[in-house]
Amino acid sequence: MTAGLWQNWVLPGIWITIQLLVYSAALATAVAFTVGIARTHSSRVVRFLAGFYTEIFRGMSALILMFWLFFVVPPLLGWQLVPMWAAVLALGLSYGAYGAEIVRGALNSVAPAQREAGVALSFTPWQRMRLILLPQAVPEMIPPFCNLLVELLKGTALVSLLGVGDVSFAAYLVRLATQESAQIYTISLVIYFVLAFVVTRSMKALERKTKRNIGIEVPGGGLGALFAARTAVTTTSGGGEK
Amino acid sequence: MTWDWSAVADFMPRFWDGVFITLQILVLGSLISFTLGLVWAIGFRAPTRFVRWPVNVVTEFIRTTPLLVQLFFLYFVLPEWGVQFSALTTGTIAIGLHYSTYTAQVYRAGIEAVPAGQWEAAKALSLPAHRTWFAVILPQAIRRITPALGNYVIAMLKDTPLLAAIGVLEMLQQSRLESASTFQYTEPLTVIGIAFILIAYPASLLVRTLERRLVR
Chain G
1 MTAGLWQNWV LPGIWITIQL LVYSAALATA VAFTVGIART HSSRVVRFLA GFYTEIFRGM
61 SALILMFWLF FVVPPLLGWQ LVPMWAAVLA LGLSYGAYGA EIVRGALNSV APAQREAGVA
121 LSFTPWQRMR LILLPQAVPE MIPPFCNLLV ELLKGTALVS LLGVGDVSFA AYLVRLATQE
181 SAQIYTISLV IYFVLAFVVT RSMKALERKT KRNIGIEVPG GGLGALFAAR TAVTTTSGGG
241 EK
Chain L
1 MTWDWSAVAD FMPRFWDGVF ITLQILVLGS LISFTLGLVW AIGFRAPTRF VRWPVNVVTE
61 FIRTTPLLVQ LFFLYFVLPE WGVQFSALTT GTIAIGLHYS TYTAQVYRAG IEAVPAGQWE
121 AAKALSLPAH RTWFAVILPQ AIRRITPALG NYVIAMLKDT PLLAAIGVLE MLQQSRLESA
181 STFQYTEPLT VIGIAFILIA YPASLLVRTL ERRLVR
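Protein chains in written order, with the UniProt record's numbering: chain G, 1 to 242; chain L, 1 to 216.
Since the hints were made in silico from the structure, they are not lab data. If a hint is listed, it holds; no wrong ones were tucked in.
Label pairs and their in silico Cβ distance ranges:
| hint | chain 1 | residue 1 | chain 2 | residue 2 | range |
| --- | --- | --- | --- | --- | --- |
| 1 | G | K211 | L | F85 | 46 to 56 angstroms |
| 2 | G | T186 | L | Q84 | 17 to 27 angstroms |
| 3 | G | P74 | L | V8 | 11 to 21 angstroms |
| 4 | L | M12 | G | W126 | 49 to 59 angstroms |
Virtual Cβ for every residue (Gly too), placed ideally from N, Cα, C.
From just these sequences and the hints, can you work out the full model?
Encoded structure:
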């Protein structure tokens, strides 16, 4: 592969992939917390709507949602989404639905006495959520969120099918130019692997930090735990969302 | 913009073809991922780290890289190496291989949940390794991981549209062909979107029921 291809396609591709990851992760987090908290709301209507949202978006294939937003929404509403934003919307909405389940699970795992203590102190529901429940639930959410973030990173490859110039799209173009499939696809797989590695390491650090904030020390870390860390995480997240 | 029922009716023959191919990918892909996952899981517990370490690295690599890129890798690189498969076969292998790294983790968890006494008992009876695995450990492990495996079958279903990218005639590709000939995008895409929800939601209810029955 020549330097020109590398500079004109692969490097910008990496940058676009990172941007996609950041934007859709931000949207997914917002959706996850909104819908997840709504699922613990006292009103039955709110719970039902949030549950309905999760079931629809978890049942839908992210790629089909992306195509649908790109091809069906424009004639329906009369405006066209830029491919990049159709992609961010599809990824954020569907991975947000998975995230909502994580948020709900973590909120439910906070000891009931904590909630009751908040009631006894006559905190408002919002104060209970903000000051008691979330600080204890968030560290619990981080390992499954880490897995979800890696899934999201892998999901960003789908945007290449809409013609967004991410790593996968760059690989496709370079393959057309050089006809060396093995080389470029190995390189792009390694790029994704490295990105995923950075994601898991930063999430691990974030977990230690948030746990320390509520007084729990997390042992381990260091080079030896690199692979052990993520596999342990995967098994504890159970058979739920992949 | 209006919804055109005749476009839906026109799409139906293609739709059913797509459903058939999707289910075919799902069944064969599941079989590959269940067997290969078991191989990985036994590899995780190999007595020598010269097996354990490569198995860990390879599964970790496959699991953290996108299925779509793996799909292109197999589709374009295998022919260069002189291995010629149809798009459908390549796609099914890719999806089976990708999900085998997930099922491997499920098997691992199931195997770790078998009490250590069972291993010791097998050793005390001096059972050979394959009898220890297939007569003692796996029958106990597999029962409680069935629901988790079911979840990955559903996840696999939702990833089958990716195979459209290499031209496999599953549901998404059928809708793209339909749109290409009629210029109607709304109806075919919406039909397959709804079809996915209609398949995935009851399937996840089923898995939840299994979970309540089998895992206690």
